[in-house]
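Enquirer: Taken in order, these protein sequences are the chains called P and F.
With the first letter of the first sequence counted as 1, position 152 gets the number 168 in our numbering; the numbers rise by one all the way through.
With the first letter of the second sequence counted as 1, position 91 gets the number 180 in our numbering; the numbers rise by one all the way through.
No lab work stands behind these hints: they were computed from the structure.
Relax, there's no trap hidden among the hints.
Going by beta-carbon spacing under 8 Å, a handful of chain P positions derived as facing chain F:
#1 Gly404
#2 Leu431
#3 Ser433
#4 Ala434
#5 Ala435
#6 Phe436
#7 Ile439
#8 Val441
#9 Arg460
#10 Arg469
#11 Arg470
Sample of chain P residues with no beta-carbon within 10 Å of chain F, all distances over it, derived:
#12 Asp115
#13 Ala346
#14 Gly348
Computed spacing ranges between beta-carbons, pair by pair:
#15 P:Arg492 to F:Ala114: 21 to 29 Å
#16 P:Gly464 to F:Arg184: 24 to 32 Å
#17 P:Val493 to F:Ala114: 23 to 31 Å
This structure is a prediction, so every number in the text was calculated from the model and none was measured.
Idealized CB from N, CA, C, for every residue including glycine.
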Amino acid sequence: MRPVPPDLPMMARVEAIARATPDRAAFIRADGPVGYAQVTREVRALAEQFLRAGIAPGDAVGITIADDWTHILCSLALIRLGCRQVGLPRRDPVPLREDLARRVGVVAIIADDAADALGGATLVRPDREAAAAAADAPGSLPPIGFGELVMATSGTTGRPKLMVAREPMLLDQAERIAGFGGIFLHRPSFDGNHSKRLSYRSLVTGGTEVLAQDLPPRDLAALVARHGVTRVHLAPRDLATLPDALGDAAWPAGTSIVTTGTRVPQTVRRDVQRRLGCALHVVYGTTEAGIVSIAGPHDHDDHPDSVGRILPGVAAEALDDAGRPLPEDADGLLRFRTPAQVDGYLDDPEADATYFRDGWFHPGDVGRRLPGDVLLVAGRADDRMTLGVIKIFPAEIEAVAEGFPGLVECAVFPLPSAAFGEIPVLAAVVREGFDAAALLAHCRARLGMRAPRRIVVVPALPRNAQGKVLRRELARVAGGP
Amino acid sequence: MDHQPSPPPHHAARLRDLVATGVRANPVVTVNDPALLARLADPAADCSFEELGFDSLARMELCIWMQVEAGFEVTEGELLDHPSVGALATHLALRG
Chain P
17 MRPVPPDLPM MARVEAIARA TPDRAAFIRA DGPVGYAQVT REVRALAEQF
67 LRAGIAPGDA VGITIADDWT HILCSLALIR LGCRQVGLPR RDPVPLREDL
117 ARRVGVVAII ADDAADALGG ATLVRPDREA AAAAADAPGS LPPIGFGELV
167 MATSGTTGRP KLMVAREPML LDQAERIAGF GGIFLHRPSF DGNHSKRLSY
217 RSLVTGGTEV LAQDLPPRDL AALVARHGVT RVHLAPRDLA TLPDALGDAA
267 WPAGTSIVTT GTRVPQTVRR DVQRRLGCAL HVVYGTTEAG IVSIAGPHDH
317 DDHPDSVGRI LPGVAAEALD DAGRPLPEDA DGLLRFRTPA QVDGYLDDPE
367 ADATYFRDGW FHPGDVGRRL PGDVLLVAGR ADDRMTLGVI KIFPAEIEAV
417 AEGFPGLVEC AVFPLPSAAF GEIPVLAAVV REGFDAAALL AHCRARLGMR
467 APRRIVVVPA LPRNAQGKVL RRELARVAGG P
Chain F
90 MDHQPSPPPH HAARLRDLVA TGVRANPVVT VNDPALLARL ADPAADCSFE
140 ELGFDSLARM ELCIWMQVEA GFEVTEGELL DHPSVGALAT HLALRG
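In isolation and in its complexed conformation, chain P is listed as follows (with noise of 0.2 Å):
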């Protein structure tokens, strides 16, 4: 197959591969495959359904759809017609959907449901049954137009900020994620956005995802081999279970992980290698500047904050207190210029000032770069905590703490002191054997006055539904004495 150039629209590509490789599949579901050409035949027939409906290029338009595979056809078919689109889902409460469909200026909602309607916009109901009948090419179709998705950052507080990502974000190194296995799968609860965007950069390198419901990891293990599937893309938090989890199951030979985080600790990283013989890759980056660096099967023994290395056409700098970029090797607030980054955000010119100037994306994150183009992130600047005259990141001692017996999770709040400023407190959610004193002496030990003073207890940690920690509600609930 001939190299479809990238500058085409998204969906002129995924066509090209469609008329080079019409039963290529595309996405294997539960009732089989289905081809590159049915693919595009149904998406087509849903864009002409949309035009009908009044839905024009360079619309906003919302999606309310739950079942995925229609989802994605409607995505795809919004893509195709150059329309501006947003997820609005159900799990999210009517006057947060009404928030979003204001602000981004929808004028259609693509749903199953008259309940979903919002506001003055039309409701559109997609006929999935006439669009997998339908005839090939319709003629009424405008040209393949540059669809572009509305992102939100959930912030820790306040509204979340609102995004336009354009194709070039959307596909941001689809041929490198591809590189790591074309046949893949993701659990459904990485959030819509995210799952959107791994089917759309699938599908531009001509890859099969496989869909599936959420499983339990020695289920998920058996459809991997089962499938041939070379690819899992997994969250944080499901990595770190899953070697426990598939007992004596064995991982399939071949099958890469790959997991998006601000910091996956490092005793996670090699205990996930070590004991499923996969290659896993780590993949760092923000909703704003797109993928900076990746941390590959051989970078994990590497320093414990690594993030991997920048990527090709990336370029990451440290800043001095003064705005200046530091030389390799010294600590300073990052910033981030990539091919893919958004211009700023839709409707926050205060946010735009803070994080985005001079045409750098400035994630408040701390780190360094090393020699060999290795990015190391301490944390965020925010969460930074100042104990006398010492500086702590909660980054750094939750990497000690985690792995520890009997700790499940854990996360570090700042208790504040009149005399000493912030007192770093580890809230930790345990399991039977765990020892309070026996972890506190382990950090002790290996972090000095950078060490927790207090270990709370605590049922569950406080998280947004991005599945951040929050470190203010953490101190609320546990930061009494």
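Since chain P is already given, all that's left is putting chain F on it; use the hints.
Expert: Okay, now just chain F, sitting in the frame of chain P:
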């Protein structure tokens, strides 16, 4: 002349026990001397922080321990002004 009122005896004893526990838990200074340990454990005896080997770091750790384990915010200055286990306990009992 010191005209401070005496704290209730049971309260002062409890605080003395608390400070002694904090001394034994100090991550910077480990008290191994049996004679010192016996005096730490004896409610009628006293021990100065100096003879316990406390330096600035150990004082800071004791202050932190007092806050995180007992909810008492104690400054290093208060430790220097009340430089023994008994004196600090009495001070805390009076300070409230």
